[in-house]
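Trainee: The primary structure of each chain is shown beneath.
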Amino acid sequence: MSKSYGIIAEFDTPADVMAAARAVRKAGFKHWDVHTPFPVHGMDEAMGLKNSNVGWFTFIGGVTGYTSGMLMIWFQNAVDYRIVVGGKPLFSPLFAFPVSYELTILFASFATIFGMLFLNRLPCLHHPLLKNQRFAQVTHDKFYIVIETTDRQYSETETRKLLESAGSKHIEQVEE
Amino acid sequence: MSSPAATATPAAAHEGSGWEKLPYVFAVAGFIGLTVGAFSDLKQFGYSYLVAFMFFLSICLGSMFLVLLHHLFDSSWSVPIRRFLEHIAFLTPVLGLLFIPIAWLAPKLYPWMTIDPNLDHALHVKVALFNPPTFYIMAVVLFGVWALLSYKLRSWSLKQDETGSPECTFALRKWAAGGIFIFAFSLTLAAIYWMKSLQHQFFSTMYGVYYFAGSVWTTLATVYIIAIVLQRRGYIPILHRRQYHDMGVLLFAFTVFYAYIHFSQYFLIWNAAMPEETFWYVLREQGSWWAVGMITVFGHFFGPFLLMLRIDAKLNLKLMIPMIIWVWLMHYLDMQYNIMPVFHTTGIHFALTDLASMAFIGGTLTIVFLKYFHAHAPYPQKDPRFEEALGHGAAENQGDHA
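Those sequence lines, one after another, are chains A and B.
The working numbering numbers the first residue of the first sequence as 1 and each following residue consecutively.
The working numbering numbers the first residue of the second sequence as 1001 and each following residue consecutively.
Think of the hints as simulated: they come from the structure by calculation, not from any bench.
Here the structure is a predicted model, which is why all the values come from computation and not from measurement.
A portion of the hints provided could be inaccurate.
Straight-line C-alpha distance at most 30 Å; calculated DSSO-like pairs for lysine-lysine [said to hold, decoys possible]: (1) 1318/B to 50/A; (2) 1196/B to 1126/B; (3) 1174/B to 1318/B; (4) 88/A to 1196/B.
Modelling step: build the complete structure from the supplied sequences, incorporating the hints.
Mentor: Here it is, written out as structure tokens:
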């Protein structure tokens, strides 16, 4: 038998899975996730999820874009190819602003996209859950909690008991 | 979920607390200060009064805008804060009375009033707008339009408290749909007549939007603090995290919008470098006005932008309360920056009448506001969107402010 990825528990309603998620969070698990067919309001709080860190990627990308825009225009107009246009100074943050601003948005968007992919560990070409026959129902009408074996709290018997007491009617191991 | 009627606190129970005497103190002290100031320097009095008047006009028109927006977008989140916004918007008739000193001193304040248009080309081409009779007629029209619009927005809403009829919402939607156009034109005309015409040679198609952006920014800060006060004192117990979140987000949005507008105005004028436009900013680079301009860049935009960037910052009262006071200060400086350089050409100069006019107009408006507020239910009682305002995102409402 191959190595175990984790344990999967099936629930029938959003309320059930929400209550179970609270129980799993209270038990102190870290490597776990909830899968639902549609967004469930309040699930973030139930799981104890904080605001995503992707904003930091956006911010740093934006600052980089702005700075590189200003530096680029300064280098081009005031250093590399000095030419007076319209009687204006060789460099002014005023005329450099629109382009720097656009680079702010461009770099911030790229940083957001790639930061999101990085934080979500994407692209992920295969996932152990995809082998699980029952899990296909997650796009239909079932709700799942998956706790990974890498979690320190994980124990094959105790974790199963916890999920049973949380109201799951079907629990199975997921192969790696 | 308790019903609206059960959660409503009878306003009378809170009446007569000591804090509510404060506006009287401000109004009387301001009036005395203004009287003294008027006798010592009438021109300084006039300009100080105009700055304070434009500051408070911002908040009244900004509130009117938020009410219009509420109906136009059929919002639910803003139901709990709508009633006091309607009251603030309906302070425009009071502002009409408070405009009398400006109307009286206009020939002293606006140089174009006493210039012969035949000797001034810049005035001659704008004489259709800038002539004394039009100035006074326009003031009457503007206050009339605002009074009518804010009266209708409030009376239909009050009627719904009695009847609960959806007809009121439909009527309000119609008033809002037409009203937003009237609002845009009237606010632009007010900004042009009462501020921009101080230098009648100036051109800027951004000017009305500029005043609008600053006005709504200041209004949102004011609304945020009024909401906190009214919730803490038990008048509006139905305010939740969602309302503060949305007000914070809008305040942040208008921080950026104001910067965008003001930068656009400056950038185009700087780029084109035409004397008939640049003189406006050249005057505002003299002496300490230059510093005020820099404070606007960093204090009106950059500081608030960075501080409010994080989503949790918009809900953190330890940050937001000082921020709101800062917003008021920045908008006041912005009004000074627009009006005062005509009078104090070498730099910013504070006078007693500056404080007195703020105290007088602010005090008077607050007195009337409290009268309105105590005479009616503190928030719409039978709005069709009421349950939605409370119910939607109930989980997000956990961990309330107060």
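Trainee: Hint by hint, note whether the structure agrees.
Mentor: Okay, the hints, checked on the actual structure:
| no. | hint | result |
| --- | --- | --- |
| 1 | 1318/B to 50/A | holds, 21 Å |
| 2 | 1196/B to 1126/B | holds, 13 Å |
| 3 | 1174/B to 1318/B | violated, 40 Å |
| 4 | 88/A to 1196/B | holds, 27 Å |
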